[in-house]
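Student: Spelled out from the first residue to the last, the chains are:
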Amino acid sequence: MGVTRPDVPGFNLATMTDAMLVRRVLDGDTAAFTTLVDRHAAACTRFATRMLGNREDAEDATQETFLRAYRSLARYEERQAFRTWLFQVLINRCRTAAVRRQRRHRMFLVDDDAIAVASVRPAAEGSDLRAELQRVIDALDPDQREAFLLKHVEQLSYDEMAAATGVGVSALKMRVKRACDRMQWMLRDAEASDVGT
Amino acid sequence: MSEPDDPRWLDDVAGELRREVPVRPAWRARLLEEVARTPTPSVRDDVDDTFDDRDERPLDAGRRRWSITVGPLGSLAAATMLVALGAGAMYVAMSRLGANAREGASRTAATAASPGLVSGAPASAEREVVRFELSAPRASHVALVGSFNEWNPAATPLSRDPASGIWVVSLRLLPGRHVYAFVVDGDVTADPSAPRAADEDFGSPNSVVFVSSPRT
Amino acid sequence: MSVRLLALAMACAVSVATAGAQEIDRTLPSKLSAPTRATLERLIDSARVAGLPVDPLYSKVREGVFRAAEEPRVVAAVQRLTRDLGDARSALGDSAGAEEIAAGANALRAGLHPADLSRLRESRGLRPDRPLTVALVVLADLATRGVPPAMAAASVNELVAGNVSDGSLLSFRQNVERDLVGGRSPASALDARTRAMIDAERRRP
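Protein chains in written order, with my numbering: chain A, 165 to 361; chain B, 302 to 517; chain C, -3 to 201.
Simulated from the structure, these hints should not be mistaken for laboratory data.
It is possible that some hints are incorrect.
As the list claims (entries may be wrong) - Footprint (simulated), chain B over chain C, 3 or more residues, beta carbon under 8 Å: (1) 139 to 152; (2) 187 to 195.
Claimed, not checked - To give a feel for the contact side, a few chain B residues facing chain A, derived at Cβ under 7 Å: (3) Gly316; (4) Glu317; (5) Trp328; (6) Glu334; (7) Glu335; (8) Val336; (9) Leu475; (10) Val489; (11) Thr490; (12) Ala491.
Every residue gets a Cβ at the ideal spot worked out from N, C-alpha and C, and that includes glycine.
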């Protein structure tokens, strides 16, 4: 673990709650922020990578997330889980990144009517499950992808998701359901196209 | 892995997607460098750009980390020293990123003062970020060992930029003299462009890095 | 591709490597045998009592363990370093800092005489709080690369007396090294680079 060794006996950043760590940072102990980074960077990187589909954009978004969180740390309120607050920033960063990328590459978003177009692109020779799943995820509408990842990968509760996304719980449930249906369809389709292979 | 018609398909898919995406040490180091350059947040701050979506910062800003430059890095306000490029396949550049805009080209970065980085260390000892670089395109694993990490080869692996073949790691070091070496696919090697330590007690020489105190 | 076909090749173990520096661990590795540890404890303790910096000694032990050196060799290295630290401290004076002493020990190891170190201290003149660490690092390096120690000492002395900065000293070292690699003789390289640096210093506003 990449934690600076504490120099005071009996004092261990690793055992502190996120809220306590935030308090320490605001008191001037920046090492406590390092601990927060180490706790949450992996999940943030994972979400951003799945959400944006590539490592570089994900790293930029995650970096920016932590920096903004650091600058605005005084605004974190302890009644909310730090992770939820952090994900709120991350989600916004990912949305911004996606919009920028869309402008750059002029990607077309998939809509429900074009479901025939939205099938998984043919799997390259020798590709593995992870790449295929990422393709399936990429083919989802961004709102659905976001909701699916938060619910089933990052395992936030619907209330936490609502706080982090600003979207109502029932709308989120609908998005998750649609995402699951779509993914199931795409995977079944991919499976079917393999028959006889 | 279960079939899509099987209700367990979702668990399998989610489980697969939940697989960890590694956090690169170089990414982490860069973030912590940036954090160190940022004023400590306080309850008196009025800044709230947490959710500001009008952020115009170009995404490319972060990618300059792989460039090796000589002299000041312009708007990044960092003094970089490129240590002599040795002959042969391997060269090492060691640069220090200082956070202080006063650094100019005339001061070589190895002793460029920079604002102290507050760490868990005693308040009077302020660490500086030192960046170690090694060009070893054919290596599969490079690590840094030295007096600052108890000569533990597992403690400080370098990360490789696939495009340039350059391995990098940044560390926060206390001011003073540190002895170190690289471990390249198991072989211990000194930094060819850094000052050498004279003792070869254990067979091969080490290198020395001197971290200046911000007060110097 | 069927989702059943996945041979989930597990990714390599993921680790978030520490990128933070640590302070010296002042314990002896348990890898060493008990008798060796006892010997080393005694050695280091004597050094501590004598007022010598002990961090370099602990670091030397760890380096030896890392390099899988035989225990007698580790002990010998610590003994030698202790001696060098003591000599360096004598030459540099009681007010010398731990870093200076460690760098001085290394310079002695490179072949410099204690008198060279004392002279360096005198060259510092009216800036007694200006640490000599970098000057000593440069000296040790040059001597290691084949520059006759006395010659290196004379040059660095001149630079220190001329109040050249630590950064410039490191540049100087780098330039001399380049010249040596290019085939220039140590005398010629030192001479040229010392002149250049002194001149540059004089021109400094």
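Student: A separate judgement is required for each hint: does it hold in the structure or not?
Tutor: Going down the list of hints, with the structure as the test:
Under a criterion of three residues with beta carbons nearer than 8 Å to beta carbons of chain B, the stated coverage of the region 139 to 152 of chain C is upheld, 3 such residues being counted. Under a criterion of three residues with beta carbons nearer than 8 Å to beta carbons of chain B, the stated coverage of the region 187 to 195 of chain C fails, only 0 such residues being counted. Hint status for glycine 316(B) relative to chain A: violated, with the closest Cβ pair at about 9 Å, above 7 Å. Taking 7 Å as the C-beta cut-off, the interface hint given for glutamate 317(B) holds, the closest approach to chain A being about 6 Å.
Taking 7 Å as the C-beta contact cut-off toward chain A, the hint placing tryptophan 328(B) at the interface holds, the least distance being around 5 Å. Look at glutamate 334(B): its Cβ only gets to about 11 Å from chain A, farther than 7 Å, so that hint breaks. Evaluation of the glutamate 335(B) hint against chain A yields a held restraint, the C-beta minimum of about 6 Å falling below 7 Å. Residue-level restraint check for valine 336(B) holds (minimum Cβ-Cβ distance to chain A is 6 Å; threshold 7 Å).
Because the smallest distance between the Cβ of leucine 475(B) and any Cβ of chain A comes to about 11 Å, over 7 Å, the interface hint for this residue is violated. The restraint placing valine 489(B) at the interface with chain A is violated, with a minimum CB-CB distance near 23 Å, outside the 7 Å limit. The beta carbon of threonine 490(B) is not positioned within 7 Å of any beta carbon in chain A (closest approach about 25 Å), and the interface hint is therefore violated. Look at alanine 491(B): its Cβ only gets to about 26 Å from chain A, farther than 7 Å, so that hint breaks.
Going through the hint list in order, the structure does not satisfy hints 2, 3, 6, 9, 10, 11, 12.
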